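Below are the chains, spelled out letter by letter.
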Amino acid sequence: MNPIDEITLQAYVDGELDVASAASIDAALAQDDLLARRVHKARELRAQLNAAFDPVLVEPVPAHLAALLHAESPPAAARVVPLAKAAASRGFGADRRRGRRRWFFPAVAVAASIAVLSMAIWWQGRGDLLRVQEGQQFASGALSQALDQTLASEPDRRARISIGLTFRSADGDICRTFVTHAKPAMAGLACHQPAGWSVPALSTAVDPQSGDLRQSASALPPRVQAAVDARLRGDAFTAKQERVARDAGWQ
Amino acid sequence: MDPSQTVREGLIPLLPRLRRLARALAGQVADADDLVQIVLERALTRAVQWRPDAALDKWVFAIARNAWRDELRSRGRSHNLFAPEEAGASATDGASAPVQKLELTAALAALPPDHREVVAVVLIEGLSYSEAAELLEVPVGTVTSRLARARAALQAYLGNAA
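Just so you know, the protein sequences line up as chains H and E, in that order.
Under our numbering, the very last position in the first sequence is 251; numbers go up by exactly one each time.
Under our numbering, the very last position in the second sequence is 162; numbers go up by exactly one each time.
Hint data in this document are derived by calculation from the structure and do not stem from the laboratory.
Please read these numbers as outputs of a predicted model, since none were measured by experiment.
Be aware that one or more of the hints could be misleading.
To be verified - In silico DMTMM-like cross-links for lysine to aspartate or glutamate, where the CA-CA straight-line distance does not exceed 25 Å:
| id | chain 1 | residue 1 | chain 2 | residue 2 |
| --- | --- | --- | --- | --- |
| 1 | H | 240 | H | 229 |
| 2 | H | 240 | H | 148 |
| 3 | H | 41 | E | 33 |
| 4 | H | 41 | H | 26 |
| 5 | E | 58 | E | 103 |
| 6 | E | 58 | E | 33 |
| 7 | H | 240 | H | 171 |
| 8 | H | 41 | H | 59 |
| 9 | H | 41 | H | 229 |
| 10 | H | 41 | E | 70 |
| 11 | H | 240 | H | 128 |
| 12 | E | 58 | H | 148 |
| 13 | E | 58 | E | 70 |
| 14 | E | 58 | H | 235 |
| 15 | E | 58 | H | 14 |
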């Protein structure tokens, strides 16, 4: 068998290979331990990067940034031009304290307080949906609860979190896709482990403004879909299998 | 609706992703949010340049990447923006951040800018190779070769390269 070069291997891991080439690597993996280790390492690195940076998605957005987008009155908008010049010449990281003081302009201050209020309301509804443990992100709070209890076969329109597919991954863990309906909507994949529901993929859900065909063709964001594809062997659970799995504690 | 209003409203749901991208590029929380502020201001002043048939996220990510490159250039090419230890120490929030995560963010901060940005847009933001090539204004082959070298460097840094 020809050795598989790094460029091809990473394209496989990143979901960029055509179906036929990916299938030939799938087949080679079963017989080639070294190749399997290389694939595992590349996936592991990607998972570690996601675990390190995805929590930023659920951090509260600082009020001064949100305020830039919530400013509505023309005087506040007109000030954006000098601010941009000031910030560009100042550079990020340079004399932050002086930069922040500009937010005491009255119109901007009003906008900022509205933004703080709306962000606070938004966050209250959200709670902490993720926790990080040993470099891995896990579901917590309402997300963990929804993953434990919700059945896709019994959808609740009022629920803030919906469950999509449930399936047993190639690793043997039960995995479930989910969507949170708070804005911005987030979609992800969670897999049941002894320490809880680990979340190997999390992404903002499809942005309706995006003209990307690949995104609109599928209900899940591409990176979540890729995480599902990397784990799914066989079929997703039927409603009955889903219920049996829940009653067995997702073992 | 006027273009600046459309862009302003379209950017609100993109803020978390923009902050994640900025964190991956700039490292420290405060520097990353300063970068986000510059990006939002530029996006709003240039709102008329955004064509509604283009994806707003790619457009604003390109602004972010260019703003970050401008900043690097103004600080001089010869040295990294931050010492790796410094970048790692606060790249993620919370004093109890796991050691593994600090090492990884430090390793990312130590990569050359060409490599760091490809890791940020492909592995962290999740763009396809062709989307990344368009955003970074390089051929797809350059994206894949930089990505392979960046992966090797990160794995070596993490001691995973056995």
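Here's how the hints hold up against the structure:
Of the pairs offered as hints, the one joining residue 240/H and residue 229/H holds, with about 22 Å between alpha carbons and a cut-off of 25 Å not exceeded. Between residue 240/H and residue 148/H, the direct Cα distance comes to roughly 16 Å. Compliance with the 25 Å bound is thereby established for this hinted pair. With a C-alpha separation of about 31 Å, the suggested pair residue 41/H and residue 33/E falls outside the 25 Å cut-off, and the hint is violated. Taken as a hint, the residue 41/H and residue 26/H pair is honoured in the structure, with Cα atoms around 16 Å apart against an allowance of 25 Å.
Using a Cα cut-off of 25 Å, the hinted pair residue 58/E and residue 103/E is violated, with the two alpha carbons roughly 29 Å apart. Between the alpha carbons of residue 58/E and residue 33/E the distance comes to roughly 19 Å, so the proposed pair stays at or under 25 Å and holds. For the suggested pair residue 240/H and residue 171/H, the alpha carbons sit about 22 Å apart, so the restraint of at most 25 Å is met. At most 25 Å may separate the alpha-carbon atoms for a hinted pair to count; residue 41/H and residue 59/H exceed this at roughly 28 Å.
Of the supplied pair hints, the one linking residue 41/H and residue 229/H holds, its CA atoms being roughly 18 Å apart against a limit of 25 Å. About 34 Å separates the Cα atoms of residue 41/H and residue 70/E, which puts this hinted pair outside 25 Å; it is violated. For the given pair, residue 240/H sits about 31 Å from residue 128/H by alpha-carbon distance, which is inconsistent with the 25 Å threshold. At most 25 Å may separate the alpha-carbon atoms for a hinted pair to count; residue 58/E and residue 148/H exceed this at roughly 35 Å.
A distance of roughly 18 Å separates the Cα atoms of residue 58/E and residue 70/E; the hinted pair therefore holds under the 25 Å criterion. Proximity of residue 58/E to residue 235/H is assessed by CA-CA distance (about 34 Å); at most 25 Å being required, the pair is judged violated. Proposed proximity of residue 58/E and residue 14/H is supported: the alpha carbons are some 19 Å apart, at most 25 Å.
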